[in-house]
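Chains as they are written, first to last, in the numbering used here: chain F, 1 to 361; chain P, 1 to 361; chain B, 1 to 275; chain W, 1 to 275.
Careful: at least some of the hints might be erroneous.
[Stated by the list, open to error] Straight-line C-alpha distance at most 20 Å; calculated SDA-like pairs for lysine to any residue:
1) F:347 / P:309
2) F:16 / F:52
3) W:130 / B:19
4) P:272 / P:250
5) P:166 / F:321
6) F:166 / P:322
Hints listed in this document are in silico derivations from the structure and should not be mistaken for laboratory results.
Fair warning: this is a prediction, and the values are worked out from it, not measured in the lab.
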Amino acid sequence: MEIALDNLSKHFGKVKAVDEVSIKVPDGEFVALLGPSGCGKTTLLLMLAGIYKPTTGTIRFGEKVVNDLLPKDRKIGMVFQSYALYPHMSVYENIVFPLRLQRLPANVVRDRAHKMAELVQVQGLLDRKPGQLSGGQQQRVALSRALIKEPDLLLLDEPLSNLDAKLRIAMRAEIKRLQKDLGITTIFVTHDQLEAMTMADRIALLNNGKLVAYSQPHDLYDRPKTLFAAEFIGSPPMNFLRIRIEEKDGGVALAGEGIQMPLAGEIAQKVKSLGGGREVILGIRPEDITVATDSGDAKAEVYIIEPLGRDMLVDLHVQATPVRVLAPPTFNAPIGASVALTMDRTKIHLFDPQTEQALLN
Amino acid sequence: MEIALDNLSKHFGKVKAVDEVSIKVPDGEFVALLGPSGCGKTTLLLMLAGIYKPTTGTIRFGEKVVNDLLPKDRKIGMVFQSYALYPHMSVYENIVFPLRLQRLPANVVRDRAHKMAELVQVQGLLDRKPGQLSGGQQQRVALSRALIKEPDLLLLDEPLSNLDAKLRIAMRAEIKRLQKDLGITTIFVTHDQLEAMTMADRIALLNNGKLVAYSQPHDLYDRPKTLFAAEFIGSPPMNFLRIRIEEKDGGVALAGEGIQMPLAGEIAQKVKSLGGGREVILGIRPEDITVATDSGDAKAEVYIIEPLGRDMLVDLHVQATPVRVLAPPTFNAPIGASVALTMDRTKIHLFDPQTEQALLN
Amino acid sequence: MPNRLRSAIPYVLLILLTTPILVGYLWLFISSMSARTYGLRPEGLTLENWRFLVEPIRSRPSIWQVLLSTLAFAIPLGLLDVTISSMAGYALSRLRFPGRRMFLSFTIVLHAFPSATLLIAIFFVLRAIKLYDSILGVVLVSVSLGLPLGIWLMKGFYDNVSWDIEMAALIDGCSRLRTWWSVVLPIIRPGLAALLIFSFLGGWGAYIIPYTFLVTATIQPISVFLQSLTGDYTFVNYGVVTAVGLFQLLPVLLFYLFTQRYLLNLYSGGMKGGA
Amino acid sequence: MPNRLRSAIPYVLLILLTTPILVGYLWLFISSMSARTYGLRPEGLTLENWRFLVEPIRSRPSIWQVLLSTLAFAIPLGLLDVTISSMAGYALSRLRFPGRRMFLSFTIVLHAFPSATLLIAIFFVLRAIKLYDSILGVVLVSVSLGLPLGIWLMKGFYDNVSWDIEMAALIDGCSRLRTWWSVVLPIIRPGLAALLIFSFLGGWGAYIIPYTFLVTATIQPISVFLQSLTGDYTFVNYGVVTAVGLFQLLPVLLFYLFTQRYLLNLYSGGMKGGA
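My request is simple: use the sequences and hints to build the entire structure.
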């Protein structure tokens, strides 16, 4: 089912928890609501669930405006961060609870419960109480309870945050595959950019209740439209350097404290068109910088080196600005060593310091 | 100061929380105690702090056995996961509390407090109460309280776990640099392999109270000595495949369900010496496999693809075994597509299924 | 050895301090079985003091009549207390309404309020609504006085039930009332059981309220009956008094023995950390 | 409009239910200022009922003497209760010792125990240790009966203090005692204040214990004094009784007004979620 939010707002007293958000979720898509804590993503989810009523704006499920519909009448399933299983009921009773409330015939209930339990692989646990299950098992049960109603919309609240690191990686893939197999329109909330990147077809990035970006993961990573998006997506995060566009002898260069970066070709033209002498913020991801001992675009001092296994994360200072670079695992240099940085011309981002908008896209 | 643990054990009733651990920490080193929850790492730290008494074995600070020394007589500083600041005291009072207890003259106390506050950059916060500080600020205060005594040994309990993702990356580097600058022998506890890899000079990997590895980060990553270490270090984790060593026509190959991987050169000799027909576990990291559409060492089916920004994490199934591969960000294939995997011969690990020991190092 | 001696000191002190209490209980028991006592030495072992079980003491109502009155007081008291507390506690824990904060403060103030001060005012109210000297009146008064604590305790239990579970029930298809009844109440069942036992035992041992507002001997509960045995005559038969005292005490002790773990819930359930 | 009417119904019900109580208080106030009352209608406004402030009522001790006795009872009660509870609560929360679990159960059982049943045993104990009819004796008995709740509440507060903070203090150079005194106690100060006020007010309004174990009129606290005004004469002067009642009530009310927020701590501090 297609979901459409139109200028949706939720105010708590004077606080605008959600501020004029408009999103269209196509039928069968998997959408992440991503943002730092307090950005309004959970409020938005609870409005979709019918727990909160919107202050203004409309929520449409298909053609129907559901603003005033009670949760139980919305045909939704939801998995909570805490799983929210009913502790006094067995796993089986938990799973069939939504069907019991619909007064379906006993054999239908039983059949669907077993089909569901098989799908999420909890067949062996049906007689247990939730308290006897591990976190991963509880999540599977919560998932099957949410899915047994065959909902039009599935809501997931931080679905992975209570799992340990290894299980998180496994469940990430499993939930994504399950969603694709069932084709249920799904919206999930997360504060973890990696979770949003890996699982979602489309990411709605929120900040202070406002929608700042709504696009596909690779788009958000490669072509962030605002400084906030550039900073929030990617780990280790993008580096930012204050620079000035300099035109000299017909050529164009980016220059800053300790930075002198001549440009050529297409990118030079683009940057030139922004205007010489303009102060901008240069953004570049740690994997798009190379460290050498001889010469490059910037001079830097090694602050500390952190081995990641696959790479070395080199923390450097370009004058007073910290810069992180991903170097090959063989990289080695003592603390305080002087090195030179070379930046990949095709991967640089420029942002206006005032509007925080991207300038090169 | 050099720290030496000799056959150290701690039993709680019948549970061996720490089981015969022997470690030597050279003067000025930064050592991580790493392991899953319940592995005994915190118990070990609390024995070093003097909160728990060892059941058997000895703890030596320099030449001195400190088993029975009270915490206050050990010349240690400690930063807790919760920071454990005294909520009824101001930041200044918190920092100087250890010196007050030593009845140092007022001017010495004041001087040292201000020097300390400057070092960890909390000069502006001295009059506040801990409740008014952010998590990052509280940690700085806790750090300065631990350091003001000029301890011989600094203990950190999950120092980064209460910080958000961005701050964690920044503090990681900062704490590591501070430790290097001060040269204080430091031991920290963490359950996060990345934290241990990036910060520590040496990692003590614990499991079920036992020490399973004690070596430098790159060593642990490149040449894990046990299956547990190989599985625990690295994210996404190493892939494991059950295979058989096959000798055919003088050549040697690794073969399994859907896998046929001929070897040549040095590695072939090494594998051959393990004995033909032997069942072993092949371990290979996601970054050491390449995906192609034509032919390779193994046939696989795409389960789901997860964009990481810098790479694509491709979840595949080789028959029933899940395998994860890091592919370039341009990789694309539909769910269920058949692909071929090629593994980097120089990066493969073999483990004995029974002893779980590495066979190639 | 001196170390061992040192660690014995607290035990010796504790035993010395506890002795008077134990002696008191022992005397209670011995006295109920004997005609007279010299200190702890009984004289004339007899079951005479326990005759009240089969035959009323002089002009008083029979012990079984008294027992019936006590139950008629304590059972409704417990049930009403739990019913009202469980509803009010839910409202205070979950709903936001004007005056909620004030109501909470008031509740706790009322709990700690010296009830003796209220007796005169209550007397006039009861007389006005014609419930003076009736079990119903005493039950209503006792419930009112017990409610503040009951509501606070129930609120504590509700506070520990996560919002998520309620939301899940709403989404699964429950109405608000159904959510409370089928999902939330079963979760706090240990709390309900604890409060029920607590209130019931409170009613069983209650003295001031029934003593003040019940005059008819046949509807007085056992604690008033017991007190009347000591108060009315110049010569008090301590043997009988102690026997009746034990009679009152024994079911309470048994009750505690079997329901102790529920009572523990009362405080530990509402509190973090618990026992 | 029908919607508005519907939402008014609970208020109407509540007002109807509250009226008797409010009328009771009103009558208390009016009665204390008049010679007689007909229902709520006063007749002959007078301050005569308040004469007890300057001149003792007949053969009774002066009100100021009574006040002094009450304070001599309530203040040590509060202080002792807080001192012992804060120490025992710490031990129960922090130390592992044999019998701890049993002690905890026992504590809660004792709290809910009907104290009336114990009166006879306590009487003999007090007489034996020569503390019958002395304020010290009554204080000791009241402290003992108050300790179980006090200890549980304090334990709840200690349970909420993280172990980390205590370990930090030990590492920073404190002894165990110093840790308790300089770090832990200051953190639970709101709990200590709440328990102190709670115990003091409990002592101020206490009736059964002082009534049972104090016979000398000059050392009886105000609640017993008040009760004696109603009990001893065939003709009770309700005007005077209500005036004394208000005299007892007013400081309590004032106290509550100013310390209410500490009392709120008592329950909310020990519990997760709070108000």
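Here's how the hints hold up against the structure:
This hinted pair checks out: residue 347 of chain F and residue 309 of chain P have alpha carbons roughly 13 Å apart, not beyond 20 Å. Between residue 16 of chain F and residue 52 of chain F, the direct Cα distance comes to roughly 14 Å. Compliance with the 20 Å bound is thereby established for this hinted pair. Between residue 130 of chain W and residue 19 of chain B the alpha-carbon distance is near 15 Å, which keeps this suggested pair within the 20 Å criterion. Among the hinted pairs, residue 272 of chain P with residue 250 of chain P is consistent with the structure: their alpha-carbon atoms are about 10 Å apart, no more than 20 Å.
Pair hint residue 166 of chain P plus residue 321 of chain F holds up; C-alpha atoms about 16 Å apart against a cutoff of 20 Å. Taken as a hint, the residue 166 of chain F and residue 322 of chain P pair is honoured in the structure, with Cα atoms around 13 Å apart against an allowance of 20 Å.
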